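Undergrad: Okay, here's what each chain looks like letter by letter:
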Amino acid sequence: MSTASSGPTAADESAPVLAADGTPLKKSLRRALRAQKLRALGLIAPLLIFVLVAFIAPIGDMLFRSVENRIVSNTIPLTARVMDEWDGQSDEPPAPTFEALYYDLFLSAEARRHTRLGTRLNYEQTGLSSLFRSSGRGVDDIGETHVETIEDLDDRWEDGGFWHALMTGEGPRADDLLLDQRARLAALSSSSYNGDIGFEPGEQIADLLPTTAREYTAFALFTAIEEGDIVVEEEPWEAVYVALAQDLRSADLSGYQGPQADALRAAQEAVTALPPIDFRAGFAELDEGWISPDVWETINMYSPDYTTGYFLNAVDMQKTPDGAEFRPDNERLYGILFKRTMFMSLAITLSCVMLGYPVAWLLANLPMRSANLLMILVLLPFWTSLLVRTSAWKIMLQQQGVINDTLVWLGIVNDASRLVMINNQLGTIIAMTHILLPFMILPMYSVMSTIPQTYVRAAKSLGATNWTAFWRVYFPQSVPGIGAGSILVFILAIGYYITPEIVGGTTGTFISNRIAYHISSSLNWGLAAALGTILFAVVLILYWAYDRIVGIDNVKLG
Amino acid sequence: MANDLSSDAFVEFERVQKSYDGENLVVKDLNLTMPKGEFLTMLGPSGSGKTTCLMMLAGFETATHGEIKLDGISINNIPPHKRGIGMVFQNYALFPHMTIAENLSFPLEVRKIGKSDREAKVKRALDMVQMGEFGGRRPAQLSGGQQQRVALARALVFEPELVLMDEPLGALDKQLREHMQFEITNLAHDLGITTVYVTHDQTEALTMSDRVAVFNDGRIQQLAPPDALYEEPENSFVAQFIGENNTLLGTIKEISGETCLVQLDDGEVIDARPVNVSKVGERTLISIRPERVEIDTDRLGPNAHTIPAEVLEFIYMGDIFRTRLRVAGRDDFIIKTRNSQDQRKLKPGEQIRIGWMPRDCRALDA
Numbered sequence: 001m002s003t004a005s006s007g008p009t010a011a012d013e014s015a016p017v018l019a020a021d022g023t024p025l026k027k028s029l030r031r032a033l034r035a036q037k038l039r040a041l042g043l044i045a046p047l048l049i050f051v052l053v054a055f056i057a058p059i060g061d062m063l064f065r066s067v068e069n070r071i072v073s074n075t076i077p078l079t080a081r082v083m084d085e086w087d088g089q090s091d092e093p094p095a096p097t098f099e100a101l102y103y104d105l106f107l108s109a110e111a112r113r114h115t116r117l118g119t120r121l122n123y124e125q126t127g128l129s130s131l132f133r134s135s136g137r138g139v140d141d142i143g144e145t146h147v148e149t150i151e152d153l154d155d156r157w158e159d160g161g162f163w164h165a166l167m168t169g170e171g172p173r174a175d176d177l178l179l180d181q182r183a184r185l186a187a188l189s190s191s192s193y194n195g196d197i198g199f200e201p202g203e204q205i206a207d208l209l210p211t212t213a214r215e216y217t218a219f220a221l222f223t224a225i226e227e228g229d230i231v232v233e234e235e236p237w238e239a240v241y242v243a244l245a246q247d248l249r250s251a252d253l254s255g256y257q258g259p260q261a262d263a264l265r266a267a268q269e270a271v272t273a274l275p276p277i278d279f280r281a282g283f284a285e286l287d288e289g290w291i292s293p294d295v296w297e298t299i300n301m302y303s304p305d306y307t308t309g310y311f312l313n314a315v316d317m318q319k320t321p322d323g324a325e326f327r328p329d330n331e332r333l334y335g336i337l338f339k340r341t342m343f344m345s346l347a348i349t350l351s352c353v354m355l356g357y358p359v360a361w362l363l364a365n366l367p368m369r370s371a372n373l374l375m376i377l378v379l380l381p382f383w384t385s386l387l388v389r390t391s392a393w394k395i396m397l398q399q400q401g402v403i404n405d406t407l408v409w410l411g412i413v414n415d416a417s418r419l420v421m422i423n424n425q426l427g428t429i430i431a432m433t434h435i436l437l438p439f440m441i442l443p444m445y446s447v448m449s450t451i452p453q454t455y456v457r458a459a460k461s462l463g464a465t466n467w468t469a470f471w472r473v474y475f476p477q478s479v480p481g482i483g484a485g486s487i488l489v490f491i492l493a494i495g496y497y498i499t500p501e502i503v504g505g506t507t508g509t510f511i512s513n514r515i516a517y518h519i520s521s522s523l524n525w526g527l528a529a530a531l532g533t534i535l536f537a538v539v540l541i542l543y544w545a546y547d548r549i550v551g552i553d554n555v556k557l558g
Numbered sequence: 001m002a003n004d005l006s007s008d009a010f011v012e013f014e015r016v017q018k019s020y021d022g023e024n025l026v027v028k029d030l031n032l033t034m035p036k037g038e039f040l041t042m043l044g045p046s047g048s049g050k051t052t053c054l055m056m057l058a059g060f061e062t063a064t065h066g067e068i069k070l071d072g073i074s075i076n077n078i079p080p081h082k083r084g085i086g087m088v089f090q091n092y093a094l095f096p097h098m099t100i101a102e103n104l105s106f107p108l109e110v111r112k113i114g115k116s117d118r119e120a121k122v123k124r125a126l127d128m129v130q131m132g133e134f135g136g137r138r139p140a141q142l143s144g145g146q147q148q149r150v151a152l153a154r155a156l157v158f159e160p161e162l163v164l165m166d167e168p169l170g171a172l173d174k175q176l177r178e179h180m181q182f183e184i185t186n187l188a189h190d191l192g193i194t195t196v197y198v199t200h201d202q203t204e205a206l207t208m209s210d211r212v213a214v215f216n217d218g219r220i221q222q223l224a225p226p227d228a229l230y231e232e233p234e235n236s237f238v239a240q241f242i243g244e245n246n247t248l249l250g251t252i253k254e255i256s257g258e259t260c261l262v263q264l265d266d267g268e269v270i271d272a273r274p275v276n277v278s279k280v281g282e283r284t285l286i287s288i289r290p291e292r293v294e295i296d297t298d299r300l301g302p303n304a305h306t307i308p309a310e311v312l313e314f315i316y317m318g319d320i321f322r323t324r325l326r327v328a329g330r331d332d333f334i335i336k337t338r339n340s341q342d343q344r345k346l347k348p349g350e351q352i353r354i355g356w357m358p359r360d361c362r363a364l365d366a
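Just so you know, the sequences run in chain order P and D. Counted from 1, the first sequence has number 281 at position 281 by the UniProt record's numbering; the numbering is strictly sequential. Counted from 1, the second sequence has number 10 at position 10 by the UniProt record's numbering; the numbering is strictly sequential.
Worth flagging that the hints you see were computed from the coordinates, not collected in a lab. Since we're looking at a predicted model, the values are computed, not measured. For glycine and all other residues, C-beta sits at the position ideal for the given N, C-alpha and C. Mixed in with the good hints there might be a few duds.
[Stated by the list, open to error] To give an idea of the chain P side of the interface with chain D (calculated C-beta under 7 Å), a few residues:
1) Ala54
2) Gln125
3) Thr126
4) Gly127
5) Tyr455
6) Arg457
7) Lys460
8) Ser461
9) Leu462
10) Gly463
11) Thr468
12) Val473
13) Pro476
[Said to hold, decoys possible] Covered stretches of chain D (chain P as the covering partner; in silico rule of three or more C-beta atoms under 8 Å from a C-beta of chain P):
14) 86-93
15) 106-112
16) 135-142
Please put together the full structure from these sequences, using the hints given.
TA: What follows is the structure, given as C-alpha cells:
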C-alpha cells in the first residue's frame, strides 16, 4: 500500500513493523495464517497418513533389508561373539568357536531355524544350505560318550525333577541369566519369549556351572513357551549334559552344599576321567565342510549386523578376504541386466518420441472435432487391461501369429524363415512402445497446444522454408513436452515388469523381473531390496542429470 | 484514381474470392490495386474478410478464385517464404526461445546472409526502432510496446518492399497505441515501403493511412483517402461505420442532378445530395455528421435547411459538448459543439432550431 510514499528507510527496516494492536506484524500474520495452514494440512492429512503407512514406511522397511543382516547374530549368537576375536588370518577360527557353534546349532536346530541361516548363507556360497541342514540333524552326536557316561552313572540324571531342583538351587535368583536367554530365544525365533515358565535359575549354581545354567535355562524357556510342556517333567537336551560335562572339568565343587551335590561330585569324577570333548573333530565328522576355510570365511564375513553383501551381489561383485572384487565372467548377471534395462528403456523412449510426436502435432493442429476423435483413439488403450494388450501382442508377434501369417501369405517371408519377433528384446520394445505411447503423446500434446500457429507463420513470412520453420521455431518450443514425455516414459519403462515377463523371453527381460523373482521365488529379499535401491538411485541420478542438462523448469505437463 | 495507378500497380487483387467451407464466400469479388509506397488500411468489423485478404496476400490462405499479383507477377502459387513480404502479427509472434537479436537475425540467416552483414543489419534495424540496447534480452523480458517495436524491426530487417500488419497495436494501451501509430507511419514513409495494415479501429485507419478500404460482408464498401471516406461516404454502411453519424429515414420525392428532395418520415421535406439513390419513391437514409449541424442557424448561408428540435440530453465532454436531440421523430440525433467562450449550454427540454448545409446532407441507400 506504500505506493505514494518512498520505500522504508534503513532505520525503519531495523525496527520490527508493528500491527495495529502493537504486536509485531510478523507474529500477527503468522497467527492469521495458522488457521489456514491447519485447515490445509487437515485436508491432505488422510492421504498423507495413508501414503506414509501404506507406502513409504513399507518401502523404507523393504529397502532397509538391502543392508540388514542380523540373521547370523540372531541364529548363532555365541559363535558370532567368539568369532569377533578371530583375526581372520588363520584358516580356522579358534577352538572355542566350535563349542559355541555346538550350543548355537543345537538350540537353533530344536527351534528349526538353522535351515533359514543355511539358506541365507547359501546366497554367498553354495553348499552352506545343505551343510546346515545335515549338521542340524546330527549335532546331538557330538559328546555322545560324555552324555552316556553321566546318564549311566546315576538314574536320577534322567529325571526332569532332579535337574530342575539342581538348577533352581537355593538362595538368590540369577535374573540376568533368565533375561539374557529370553532375548536369545526371542531373536532366534522372532517371537516373544515373555511369561512364567515355572523355573528360575539359581545364582549359586549359575556361578558354579555357567554354561549348564545357560543351556538349561534356554531349554526350560523353549520347553515351557514353545512346546507348552512342564519343565519339571522334561529330561533336558543332550546339549545340557554336554555343557555339564564341560563345566565339571573346571568347576570347584569343594564348597558346594546345594541340591544334588553328591551326584555332581560323582559326575565330575567320571567326566574328568574321560578325554575332553573335541568339538572340532565332532563337526568334522558331521561334515567335512566345517573344517573348510571358505565356510568360516563366509560365516565370518556375514556375522556383522549390517552388510554390503547384497549390494555387492547386485553389481556382480562378492566379498573376499582381500576386499570386494568382481565375480568371474560366467557368474555375472545383474550388470548385464541393468545395462539391458537402460538400453531398452532408452530404445522404448526414443521410439515413443518418434511415433508420438507426429500424433501429438496432429492433435494440437487439427480442427476440434477431428482432434477429439483422434484423442479418443490415443486414450483407447487405457480402457483395456494391460494384460489383455500384452497378450494381444503375443498373438500378433509370435511365429504362427497374425503378422507372420500375413507376411507368409503375401509371399514376403518364406514359410520356413518366419520372423522371430517375440520372446526377445524386439518383442519387449514393440509391446512396451505401444503401451507407453499415450504417456508420451499426452504431455507433448498439452505443450504443443499452447504453441500458437502464428509462430510458424511468422517464420515462413520471414523467409523460412517449412522445414526451417518447424526445426528452428516450432520444435524448440515443443522440447519441454518431449522432455516431460520422455521422463515419464523412461521412468515407467525402467521399472516395468508385466510386459517383459510375458513377451520378453529370456533376452528381453528387465531388472524388475529379476527383482520379482527374488521377492516371490528365491525369497532373497535382501538382494531384491538392493537391486530395487540401485534402480531407484539410477532414476534419481538420471533425473538430476536431466535437471542439470535440460533444466527441470523446461518440463511442462501443460 | 484507380485508373491512374494501374500502370505502376504494385499489389493487385483481381476478382479474388475465398470460401472456407464451399458454401459461404468470405471474400466476394475483391478488386484492389495499390501503387508502390502506399500505406493502405483494410478496415472493417470482425468477420468482414479483411484478415482473410491479408492472409491470402501473405500466402497463408489460397484464393478460391481470382488472381493476386505482386509487382506484376501472379503469386497465387508462390509459397509464403518465397514472397519476400514482411509481416507483423497481432500478438507480435516473437520467437520466445530466441533473444531479440536472434529473432532479427532469423530472416537474414535463412537468406544465407553472412555473419558480419547480419550483425550490421540487425543493429541498424534495432536502432531504427530505438531498441539498440535490448538485443540480448528475451521477448518475455520486454514490455508490450517494446515487443511491438521489435516485431516491426524484424518485419523490416530483411528490407521487404511490402509489409503486412495484422492489427499490430491491438494489445497496447491507448497512449502507447497513439504513439506507435505515429512511429509506424513515419517509418513506412521514410523507408518508402508499401504497407497493408489491417485494423478494426477507425481512428487508427484514418490517422495512419494514405487510403482506407472499408470492408463489410466480404466486399470493399469504399476505397478512398481518409478525408473522402469521412466526408463523402458512398453508402450507409461506410457512413455509419466511420465516425459518428446522424441518420434520418425518408423517401425520395424528386431528383435533379446534384440535389434531391427527400420527405422525412414525419412529413418534413429537406434538400440533400443524392449519393447512391437513383429513382423517385426509393427509401433513403439521410446522413449528417454531428459537427456539421449548427444550433446558431444565423451563421449558416441562405441555402441552409433548418428544422425544429428538442434537447433531450446534454453531455459535457471537456473539449466539446455532445447534445442528444429529438429531430424528425428520432431521439438519437447527436450534435457536437466546441467548448468555446460564447458557446450555449443547452438544457434538456429546450426547444431549438438546428440547421445544416444541403451539401453536408447525403442521401444514401436505406
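Undergrad: The structure should be examined with respect to each hint, and the outcome stated for every one.
TA: Here is how each hint holds up against the structure:
Contact between Ala54 (chain P) and chain D, as hinted, is not supported at the beta carbon level, the nearest pair being about 43 Å apart and thus beyond 7 Å. A distance limit of 7 Å between C-beta atoms decides the matter here; for Gln125 (chain P) the minimum to chain D is near 59 Å, and the interface restraint is violated. The closest approach between the C-beta of Thr126 (chain P) and any C-beta of chain D is roughly 59 Å, which is over the 7 Å cut-off, so the hint fails. Because the smallest distance between the Cβ of Gly127 (chain P) and any Cβ of chain D comes to about 64 Å, over 7 Å, the interface hint for this residue is violated.
Checking Tyr455 (chain P) against chain D: minimum C-beta separation of about 5 Å stays under 7 Å; hint holds. Look at Arg457 (chain P): its Cβ gets to within about 6 Å of chain D, closer than 7 Å, so that hint holds up. The closest approach between the C-beta of Lys460 (chain P) and any C-beta of chain D is roughly 4 Å, which is under the 7 Å cut-off, so the hint is satisfied. At about 4 Å, the closest approach between the beta carbon of Ser461 (chain P) and any beta carbon in chain D falls short of 7 Å, and the interface hint on this residue holds.
The criterion of a C-beta within 7 Å of any C-beta in chain D is met by Leu462 (chain P), whose closest approach is roughly 4 Å, and the hint holds. The criterion of a C-beta within 7 Å of any C-beta in chain D is met by Gly463 (chain P), whose closest approach is roughly 5 Å, and the hint holds. Satisfaction of the interface hint for Thr468 (chain P) is found here, the shortest Cβ-Cβ separation to chain D being roughly 6 Å, below the 7 Å cut-off. Here the hint on Val473 (chain P) is kept, as its CB sits about 6 Å from the closest CB of chain D, short of 7 Å.
Checking Pro476 (chain P) against chain D by beta carbon gives a least distance of about 5 Å; that is within 7 Å, so the hint holds. Here the region 86-93 of chain D counts 6 residues with a CB under 8 Å from a CB of chain P, which clears the bar of 3, and the coverage holds. Only when three residues or more bring their CB closer than 8 Å to a CB of chain P does the claim for the region 106-112 of chain D stand; here the count is 4, and the claim holds. Taking a C-beta to C-beta cut-off of 8 Å, the region 135-142 of chain D contributes 0 residues in contact with chain P, too few for the three needed, and the coverage statement is violated.
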